[in-house]
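Chains as they are written, first to last, in my numbering: chain A, 1 to 324; chain B, 1 to 324.
Don't read these hints as lab results, they were simulated from the structure. Only true hints are included.
Stretches of chain A that chain B covers, calculated by requiring three or more beta carbons in the stretch to come under 8 Å of a beta carbon on chain B:
no. : stretch
1   : 60-68
2   : 111-125
3   : 141-149
4   : 163-170
5   : 183-190
Some chain A residues judged to face chain B by a derived CB distance under 7 Å, without partners named:
no. : residue
6   : 50
7   : 152
8   : 177
9   : 178
Distance windows between CB atoms, simulated:
no. : chain 1 : residue 1 : chain 2 : residue 2 : range
10  : B       : 71        : A       : 70        : 40 to 46 Å
11  : B       : 230       : A       : 159       : 20 to 26 Å
12  : B       : 126       : A       : 54        : 43 to 49 Å
13  : B       : 120       : A       : 273       : 26 to 32 Å
14  : B       : 318       : A       : 159       : 39 to 45 Å
15  : A       : 194       : B       : 317       : 52 to 58 Å
16  : B       : 53        : A       : 194       : 28 to 34 Å
17  : B       : 255       : A       : 201       : 48 to 54 Å
18  : A       : 162       : B       : 201       : 36 to 42 Å
19  : A       : 273       : B       : 92        : 50 to 56 Å
20  : B       : 307       : A       : 201       : 52 to 58 Å
21  : A       : 55        : B       : 47        : 33 to 39 Å
22  : A       : 201       : B       : 71        : 28 to 34 Å
Don't be surprised by glycine CBs; every beta carbon is placed ideally from N, CA and C.
There are 2 protein chains.
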Amino acid sequence: MAANSNPGHRNKALNSLNSPKTLSGASFDLPGWSALQLERVETALKNWVACPQTCPAPAGLGEAMRYAVLDGGKRLRPLLVLAACEAVAGNPQAALRAACAVELIHAYSLVHDDMPCMDNDVLRRGKPTVHVRFGQAQALLAGDALQALAFELLTPDDSTMPAGMQALLCRMLAQAAGFQGMAGGQAIDLASVGQPISAAQLHEMHKLKTGALLQASVMMGAACGRPNVSAQRALSDYGATLGLAFQVVDDVLDVVADSGTLGKTAGKDAAQDKPTFVSLMGLQASKKYAQELLSQAHSSLRAADLENTAALRALADMLVNRGF
Amino acid sequence: MAANSNPGHRNKALNSLNSPKTLSGASFDLPGWSALQLERVETALKNWVACPQTCPAPAGLGEAMRYAVLDGGKRLRPLLVLAACEAVAGNPQAALRAACAVELIHAYSLVHDDMPCMDNDVLRRGKPTVHVRFGQAQALLAGDALQALAFELLTPDDSTMPAGMQALLCRMLAQAAGFQGMAGGQAIDLASVGQPISAAQLHEMHKLKTGALLQASVMMGAACGRPNVSAQRALSDYGATLGLAFQVVDDVLDVVADSGTLGKTAGKDAAQDKPTFVSLMGLQASKKYAQELLSQAHSSLRAADLENTAALRALADMLVNRGF
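Make the full structure from the sequences, and use the hints.
And the structure:
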């Protein structure tokens, strides 16, 4: 991660965190803030994912797990967890665990998605996919082990986080990952290839497939503090809207960007005859829709009426305007 | 399950539970007790696994999940959870959730194990395996969703179980399923095919691959109550020993039983040149070893010094002597 190793960013980030002015509006230093947070996340992941020194996994499994998780990925979900925790002034240790747990679920889903029986993709984050590098059996196991590890991270046997928070975070993550969340969305995706699909069905698919985990990221970050019910609801709306916007932008980028920029094979949706927002509503309308969703996400944040939503606001802007 | 629909068993079970005499020794009515417990487990699984009426999963995913879990399996792990809970006079609602959660982890591991990139098995519990029936992609997703659902079952948003118990059960299950448990054991198994392997390595592989989840079943049942540290340790020993005995017996049965009796393809270990206890120490010595482990398991139970270990004792006897 370039941002992670850039000391300039780090200093800027420290300055911005020390200065209340920069947290209050458009001048928020997202690259600096992200660099700081990503450093925490990368260090934690390196320690927790089958670390060869402290907690090795047998027979090459650890290597495959680490390959799937480390040195790649935008870490969008962890950043959302940490930003939401910041918004509610929550427990930062708990949020770091939640951030890594969500990322492990995301990473496992990519490993399994890329396998020949699913999307059969050979390139991910600019590198060979896990099954190409380690074989299908090891990729299957690595994905399975990453999912289990996510729940292990959420339930430390120490005083980092109260038991009630551990249980709540496990519940949120399990629901977002399971058949009424990510896995369910992937099943709809599988079933929809080459089928006519309505806008409502496309929304439902993405709400589950991508949206559930993005929304859970925000809600899990919030669950590291004690926001009131109205703030919880507003943050949940923000997360859902952002999840949808993310997918709309993803569909747009699949058409307008190249594989090098994406770090994965571009143009795959059309090649596989997958329904997308672009195929359904066209390129320009999709871009406009993404902007509408962004503005809706900002409304939700205002409705949350929380002190420190600068990072959440900046992340939404970055997400929707990336690559355009 | 034949035992499940046999009213004679049910009445006997009720009688046995009402009579302290039958809980105190050799006269314990295991078939009756099991029938009662299995009825609870089957009903709960039917309600909780993507139930088409109350909690449907999209796009055929629910069907694949239910196919993987319902109407089959000996439910050994759930019975161990419930027996251990009984031994510590624990919370029966919590134990039922724990029993089903462990079974979901077991079921998902079978679905993934059977896939072409792993064991490539077409027959399981006398039926076509999940990927044969639903395709590989759906099998992969169903396994993934079953793992998530296990953690969802352990974290109900109601008053069934205190948060501390939820978190503890999630921790135990995640560790047993992950890279230092079941998934790790499978990775060793993968790497060991066709390789020379020592007795120590074979023990290590099975301790993780099968033993971890069996031991966790006992410990999770115990965690539904409040056993003292010495009882916890003894139950942990019992679970570990039983897990090992189970695998030794499995290896023996792979040689001496036919596919119809096993409900899966017999003789596969030898055909795939997999190291087993039989290939390492011979058939007779393996049988003797299983009996030694059984006696060790009974010693551990005595050391636990708990009131009501009749079911745990009877399960150990049944497990080791099945099919011989």
